[in-house]
Amino acid sequence: MKTVKFTINGKPVEAKENSLVIDAAREAGIEVPHYCYHPALGNPGVCRLCMVEVEGMPKLQVSCRLPAKEGMVVRSNSGPARTAQAASLEFHLANHPLDCPVCDQAGECYLQDYYMRFGGYTSTMREDKVHKHKRLDIGPNVMLDSERCILCTRCVRFLDKVTKTSELGIFNRGSRSELLPYPGMSVDNPYSGNITDICPVGALTDKNFRFKVRVWYLDRTPSICTGCARGCSVEVHTNTKRPWHTDGKRVARLLPRHNPEVNDYWICDEGRYGFDYIDAPTRLKAISVMENDKLRGLTWDETVAALPAELSALCAEKGSSGLAVVLSGTLSNEDLFAARLLFVDTLKAGHLLVKTGPDQEGEEDALLRRKEKVPNLRGAQALGFGGRIQESSWGNILDGITSGKIWGLYVVDRDPSAVWGEKANGALSRLRFSAYQGVNVTHFADSARWVLPSCAYVEESGTFANFQGHVQKAKAALQPLGDARPDWMIWGAFVRALGGSFPFDSARGIFTHLTETESEFKGLRWDGLGKDGVKLAGSREPQTAGAA
Amino acid sequence: MTDPAPETQERPASLARHPARIVTRPVMRFQERIYLIEVWHGLVITSRHFFVNLWRHTRRAIGLVARAGAVTIQYPDDPAVVAKRGRTRHRLMKREDGTPRCVACMMCETVCPAKCIKIVAEESPDVMIEKRAKIFDIDMGLCVFCGYCVEACPEDAIRMDTGQVEMSSFNRQDMVWNMQELLGNKKKDPAANVPRL
Chain X
1 MKTVKFTING
11 KPVEAKENSL
21 VIDAAREAGI
31 EVPHYCYHPA
41 LGNPGVCRLC
51 MVEVEGMPKL
61 QVSCRLPAKE
71 GMVVRSNSGP
81 ARTAQAASLE
91 FHLANHPLDC
101 PVCDQAGECY
111 LQDYYMRFGG
121 YTSTMREDKV
131 HKHKRLDIGP
141 NVMLDSERCI
151 LCTRCVRFLD
161 KVTKTSELGI
171 FNRGSRSELL
181 PYPGMSVDNP
191 YSGNITDICP
201 VGALTDKNFR
211 FKVRVWYLDR
221 TPSICTGCAR
231 GCSVEVHTNT
241 KRPWHTDGKR
251 VARLLPRHNP
261 EVNDYWICDE
271 GRYGFDYIDA
281 PTRLKAISVM
291 ENDKLRGLTW
301 DETVAALPAE
311 LSALCAEKGS
321 SGLAVVLSGT
331 LSNEDLFAAR
341 LLFVDTLKAG
351 HLLVKTGPDQ
361 EGEEDALLRR
371 KEKVPNLRGA
381 QALGFGGRIQ
391 ESSWGNILDG
401 ITSGKIWGLY
411 VVDRDPSAVW
421 GEKANGALSR
431 LRFSAYQGVN
441 VTHFADSARW
451 VLPSCAYVEE
461 SGTFANFQGH
471 VQKAKAALQP
481 LGDARPDWMI
491 WGAFVRALGG
501 SFPFDSARGI
511 FTHLTETESE
521 FKGLRWDGLG
531 KDGVKLAGSR
541 EPQTAGAA
Chain D
1001 MTDPAPETQE
1011 RPASLARHPA
1021 RIVTRPVMRF
1031 QERIYLIEVW
1041 HGLVITSRHF
1051 FVNLWRHTRR
1061 AIGLVARAGA
1071 VTIQYPDDPA
1081 VVAKRGRTRH
1091 RLMKREDGTP
1101 RCVACMMCET
1111 VCPAKCIKIV
1121 AEESPDVMIE
1131 KRAKIFDIDM
1141 GLCVFCGYCV
1151 EACPEDAIRM
1161 DTGQVEMSSF
1171 NRQDMVWNMQ
1181 ELLGNKKKDP
1191 AANVPRL
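Chains X and D supply the protein sequences, listed in that same order.
In this text, residue positions in the first sequence follow this note's numbering: the first is 1, and each later residue adds one.
In this text, residue positions in the second sequence follow this note's numbering: the first is 1001, and each later residue adds one.
Worth flagging that the hints you see were computed from the coordinates, not collected in a lab.
Fair warning: there could be bad hints in the mix.
[Stated by the list, open to error] Below 25 Å or equal to it, Euclidean Cα-Cα: the simulated BS3-like pairs (lysine-lysine) are:
#: 1; chain 1: X; residue 1: Lys212; chain 2: D; residue 2: Lys1118
#: 2; chain 1: X; residue 1: Lys285; chain 2: X; residue 2: Lys318
#: 3; chain 1: X; residue 1: Lys249; chain 2: D; residue 2: Lys1131
[As the list claims (entries may be wrong)] Here are the computed distance ranges between Cβ atoms for each label pair:
#: 4; chain 1: D; residue 1: Cys1146; chain 2: X; residue 2: Thr240; range: 36 to 42 Å
#: 5; chain 1: X; residue 1: Asp219; chain 2: D; residue 2: Asn1185; range: 32 to 38 Å
#: 6; chain 1: X; residue 1: Gly386; chain 2: D; residue 2: Leu1142; range: 26 to 32 Å
#: 7; chain 1: X; residue 1: Thr240; chain 2: D; residue 2: Lys1084; range: 38 to 44 Å
#: 8; chain 1: D; residue 1: Met1128; chain 2: X; residue 2: Asn425; range: 37 to 43 Å
#: 9; chain 1: X; residue 1: Asp219; chain 2: D; residue 2: Lys1187; range: 49 to 55 Å
#: 10; chain 1: D; residue 1: Asp1189; chain 2: X; residue 2: Gly297; range: 57 to 63 Å
#: 11; chain 1: D; residue 1: Leu1142; chain 2: X; residue 2: Leu295; range: 27 to 33 Å
#: 12; chain 1: D; residue 1: Gly1141; chain 2: X; residue 2: Pro140; range: 42 to 48 Å
#: 13; chain 1: X; residue 1: Glu363; chain 2: D; residue 2: Gly1184; range: 53 to 59 Å
No residue lacks a Cβ here, since even glycine has one placed at the ideal position from N, Cα and C.
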């Protein structure tokens, strides 16, 4: 495609021929105000806000429908353009109720932002505002306030084009036009939460987040969603300064982050609302060990002195082939590396399991959701699990326990009783050694001899490789809860206690080590992962088919 | 008691950037040291104030000027006089039907420099109001009486015009005023939790 050169506000820009002027302006760092245009949802040109002046054209143009041509001279800040933008904004506000004090969008509302930057400040409207439906419950996750709607139709287009469920439409005409669900329909598709993000005003708000906390109290950390193998880029919004707003829960919400390689602009509702476990009352906060049917609390120092010694003594006595270790795809590459060092290289455990079983599988669809509800299966593969390191299965492990061949079970973040059901109870009582290391209490944790608390993914930095082999970094957004520690730190300490070498003190250090030693991670850099992430060596373009 | 630091002591490095200002103490003269003369000087000053004020009050009494002389208030026996525009203890305003005007927009909580306001919002049964405060606490022990909350409020729901400046209590918890107390629905009794001695 040919590139053309033209100027916006006197700034020379280069863009593909016939691409949109509004996109070229944004790339050049010039913001043209707009509501209806969304890169993923098209440009109906209904909001009339992105008016620009073009030399040689008699009238102002909407920049979201204006193709770039060679030598154009575009101005978005000239007198006529500014006047037209302010006038459009005045129309948008004509029926807007201005209830910012009770509106959840306040603080991230484009009506507020554009009014401050491009608005006319004095309204010349003398007519009464048209009243429409308020607080309309239109679905399990979304609340509609029709009065606040500026009829940009982003949500309508999202439901038509992306989810193809078409629950919303614009009804009536003129100033009585109103966004409403079609009769008998409710916005209950698995991606419904996205319409609250793309709504530039407060018409569609998130019921889960409603009235909880003002957006300006939140800290934002780029991270990823660990809800399934897609690993959507998200922003974790945490509220730690004013805990009373969210009942002491630290994570307030997850919002999708634009990543063209992974999730585009979207995220499914399952992932969006799947953060409750992080601050749930079932979080493990302390180490405990069952001794003579009594629970005893321990410090990390005591645990590091006792647990690896107990494990290696049993390994020596009964043979390490009788140790089964159930790892989880929720662990980051760094965690899995430490696990490999401890359980495979040091203890030489007989049974290892990372891949998902019925306990970690769910619905999938063509848009984003994947069947495997863990984020890092591809990373485990890249580290040799299932390849060089042979994987066992839930069935094999159960058989081993019932036949007495397996004497020890170390489970990380998973629940065997969810897979084995009733059969588990009898089997687990025959184990000489059982340990549970995880984020939340499970059935297995109740019966395990050792219980170790580990960090949720928002509490430690780490890298995850999604099913496409796309490695992304999740930054720590919070401090660990209670005594919880990153998994790699726990296993690193165990390796050291057993006389091995573990010279790392951060996830970054481990990742750098991986890039030097693991073939799939070659060429990656911790800082080079950036915002969007990078593909693993085996998943890069020319050789996708063979390696993955 | 520790010895006072010698005057020639070197200044700490952290203060090196700030030039020291040398203050020389005046040396007492003989006349000051014998005390009696200075007592007499003090009496002269007190008497001067007395007669000047007597003159100013008399002048006003016979209608010469409008302004009176200095007045001594017998606080705490007499109540403190606070200017009408003075910023005093907050109160929350009510609508005509008696419900709080506050819509829990968190503007005051956000602007408060002392972080003494704590609001928790909830859904209001009235769809036209939508949002209201479930908890509205002000910790008077933290408040600096800057009046920003009153400035920030878009609903005129909070004012600082009660004229009340006495809010002392016997413990820190009692310095927190809750919504019902700020609305005036419940009387705050500072003597409620008098510690038993």
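Hint check:
| no. | hint | verdict |
| --- | --- | --- |
| 1 | Lys212(X) to Lys1118(D) | holds (13 Å) |
| 2 | Lys285(X) to Lys318(X) | violated (32 Å) |
| 3 | Lys249(X) to Lys1131(D) | holds (21 Å) |
| 4 | Cys1146(D) to Thr240(X): 36 to 42 Å | violated (25 Å) |
| 5 | Asp219(X) to Asn1185(D): 32 to 38 Å | holds (37 Å) |
| 6 | Gly386(X) to Leu1142(D): 26 to 32 Å | violated (58 Å) |
| 7 | Thr240(X) to Lys1084(D): 38 to 44 Å | holds (42 Å) |
| 8 | Met1128(D) to Asn425(X): 37 to 43 Å | violated (56 Å) |
| 9 | Asp219(X) to Lys1187(D): 49 to 55 Å | violated (40 Å) |
| 10 | Asp1189(D) to Gly297(X): 57 to 63 Å | violated (44 Å) |
| 11 | Leu1142(D) to Leu295(X): 27 to 33 Å | violated (41 Å) |
| 12 | Gly1141(D) to Pro140(X): 42 to 48 Å | holds (43 Å) |
| 13 | Glu363(X) to Gly1184(D): 53 to 59 Å | holds (55 Å) |
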